Every structure is written in structure tokens, then in C-alpha cells.
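Chains as they are written, first to last, in the working numbering: chain S, 8 to 164; chain X, 8 to 164; chain E, 8 to 164.
Be aware that a few hints might be false.
One copy or two, either will do: identical chains are not told apart, so a pair holds if it fits within one copy or between any two.
[Stated by the list, open to error] Okay, derived cross-link-like pairs now, DSS-like style, lysine-lysine, Cα gap no bigger than 30 Å in a straight line:
no., residue 1, residue 2
1, LYS66, LYS41
2, LYS70, LYS46
3, LYS66, LYS46
4, LYS84, LYS151
5, LYS14, LYS41
6, LYS70, LYS35
7, LYS46, LYS35
8, LYS14, LYS35
Hints in this document: simulated from the structure, not taken from any laboratory. If you're wondering where the values come from, they're calculated on a predicted model, not measured in any experiment.
This is what each chain is made of:
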Amino acid sequence: MIGGWYKEWQQGRRFIIKVEPGEKIREKLIAFAKETGVKNAVVVSAVGSVLNVHYRGIKTGAKRPITPPRMHQHEAKGPFELLGLEGNLICNENGEVDSHLHIMLAKSSGEVIGGHLFEAEVFASCELLLTEMLVEGIERHASKSGGTQTIFIDEEV
Amino acid sequence: MIGGWYKEWQQGRRFIIKVEPGEKIREKLIAFAKETGVKNAVVVSAVGSVLNVHYRGIKTGAKRPITPPRMHQHEAKGPFELLGLEGNLICNENGEVDSHLHIMLAKSSGEVIGGHLFEAEVFASCELLLTEMLVEGIERHASKSGGTQTIFIDEEV
Amino acid sequence: MIGGWYKEWQQGRRFIIKVEPGEKIREKLIAFAKETGVKNAVVVSAVGSVLNVHYRGIKTGAKRPITPPRMHQHEAKGPFELLGLEGNLICNENGEVDSHLHIMLAKSSGEVIGGHLFEAEVFASCELLLTEMLVEGIERHASKSGGTQTIFIDEEV
């Protein structure tokens, strides 16, 4: 398994991205990747506010693989403070940029909610900092045992 | 709008900062920026514990722009585990370093609370990792439509 | 105290690490550090899902130093979406790599819980991005006043 569970990458370009009120974060990140030619990247930081957030959690006690009946989907109206957006852009087996993002949101009461992000709309502002990853031999595709899309790292020869 | 919604930046210096018990995190970050000459930076990581946290949320159902009656301010005594500090330092229109930080805190029960940070005092320790951003044509100032201070990116000519 | 509260570091190698279902995240990070010779590092991003999470919070109203009776330990079964893993690997006074990690988890309901991480097992996947820190004169050891293991930065001569 040497080389199959971790891999070194090089830093490429660094970007600051401003997503405007009414725009959708995931849609915008994919549009950004297409315009700039970024293939793989990591979200270093994200702050702002969002509304109409569609995300999911895993049902308590669920078994692997994660199938739709084992997930709980949420539609949250907000607006919310955007406390964090954690994740990456990695190409899938068709060479298309695919995002894996988890979101953290603060309610008016201060309580924090979040999960695996499907989509969120920007409320007042969204400031994203992103670093391009230069790397070969990594792609995201479906894991049969896990049930989700996840990273696969080629073994070194 | 080409060039106006994202911009490339270069990495400058990287720092590890230790904020001591009783010190205030935002105050200390601004003091740090003055002492080192850092103009723009991103918080890469922050762990530790805090108390006397002043932060805000956005009221559910609020409209833009975010005005004080549409926010909910919180004063939380703690102490809390500091789970994350997400955000950046970007100069404002007067060339002064201004911070935009969102905080995530764990209560004794394990519940997580957080929001837009005004100030927090360090309890037992605070370990911050920060990367300086070298970039021109970016500043933070008030957004009339959003109601908040946010980043503006000059359009490329 | 000049030089004692912050220090510049250089970036070393960057890694993507995939922790497999059933493996333990902290154990795996320490094994990774041994295999690659990484002495100090920062977690830039972590997404995935976990179960059997052992973590702690600080009791409300607790005084310094943080002693075991002033903490609240939690064992959470899950599985949970892993929303974030914030923290660093820094060598202790014996030159052994020691981790300081805080975790954020989403319950099925969307509520977020978290705290200072002891250990967590990967459920379906875990994608970690890590940057090696090249730095001298920093180590983690026990703080008498704080009660916890924290970073100490040598003063510049």
C-alpha cells in the first residue's frame, strides 16, 4: 500500500474569489475552475453569509455504504453567517472538476448547523481563498464500500 | 466583470502566533500585523480555548442589507474549546489592516456555537497559523447592498 | 518578549492523505509523520465521515489550569459528517510528533458538535490536506498555568 494512502502535491496558483449576493457557491466554484483551468484545489478559507442552503447529514446508526435512505437531507432558509466551507476540488474519472464541500452555518441564536453541501446561495458576501493543487494520479470516483464519491490515489510503481 | 470576481495572489511569509491567556485575539492579530508589516493575510488554522466571546448572528428571515436591527449580538462567557477561526486580514480604504473573522466554539456539552467575531479572550492557549497574502488591487470597504464590510477586487484593465 | 509570541516558518512538502474506513485518524496521522519524517505540520483541510468519536469540552465556568475535573469527556457513536479538523502536529520536548486537533461533526439533524479530539474512526472516507512546517525553536509541552499541552516559541537572541 506504500504510496496508495498519501501523496505529495505541489502548490500552484492562489486565488481570492468573491461570490456575489444571489450567486450559488458550488456553481460559482465550478465556473471559476473552468475559466482558470484549475483542475484540483483546496479551499483554505471562506467567510460571509448564505441562505437557501441544501445539505445532508448521515443518519445516526447508519451502516456503510452511505445510500440515500441512510442520509437526511436538509433545506435551511436562513440567512446564516457562513462560518466555514471545508473541502476540495478534485477531477473525476471523466476529467471534470468535482467538488467535495462541507459547510458550517450559524443561526441567529448562535447555534451551529451544517453538513455535506449540495448548494448554498450568497446572502451579503462570500470571500473565498483557494490554493491550486498540482498533482497527478489522483481522482475522485464512487467508492463501492463507502457509497460516496471519494479520492483514489494511484499506487507508486 | 472579468477579473473583478477573482484575483491571483502570491504567498508571503508564514507565521505561527501564540496568543497568551487573558489576551484578546482580534486585538492581538492587529498588533501582530502592525509589528510585522503584514497588510493582508489568511488564517490557516487556530486551536485553543477562549472565554468572554462577543459575536453576532443574522436574524432568521432578515433582508439585505444587514443592518444592526437585523443582527443578533451574543456575549458568551465560557470557557469554550476554540474549534476554528476562519477569515482574513485585508486593508481597508485607509490602508489600515482590518480583520473579518468567524469563530466556532464548543460548549461543555459538545454543542457548537459561533458567528461573526467581535472579540474573544484566550483562556488556556491559542495557536494560530497565518499566511501573508501579497496582492494589489484588493481592499475591504462597506457594501451598500450587503450592509457589511466586504472585499472589493479591482477589475483588470 | 519580542520574538517569543510569533515566529516565521517555511513551507515544506504538501500532502494529500486518505484515511480508510475503520482506521483511526490521530493514529494514522502519527503513522504518516513517522513514515515521511514530517516533524511539524498544519491540517489545511479535512472532509469525510467518522464514527466512535472521543472528544472533550471544557466545563462552563471552569478556572485555569484545565485539569481533568474541569473537562467533560464525550463518546459519540455517530456516524457523523466530518465538517472540519483544525490543528497541527508539533514535536514535544522528546522530539516526538504530537498532535493538537479539534473536530467538528454534523449530526443527522444538522446540529454541529465538537471539541478537543482524542480519537475518531473513519466511516466512509476521510480526505486530509496537510502542509509541512519547517521551523526551529518551537515545541509543545505542558503549560503550568493553562494545564494543557501548548506551543512554546524560543525567544530570538
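Hints, verified against the model:
no.	hint	verdict
1	LYS66 to LYS41	neither (34 Å within a copy, 35 Å between copies)
2	LYS70 to LYS46	neither (32 Å within a copy, 36 Å between copies)
3	LYS66 to LYS46	neither (32 Å within a copy, 38 Å between copies)
4	LYS84 to LYS151	between (33 Å within a copy, 23 Å between copies)
5	LYS14 to LYS41	both (25 Å within a copy, 15 Å between copies)
6	LYS70 to LYS35	between (33 Å within a copy, 22 Å between copies)
7	LYS46 to LYS35	both (15 Å within a copy, 27 Å between copies)
8	LYS14 to LYS35	both (28 Å within a copy, 14 Å between copies)
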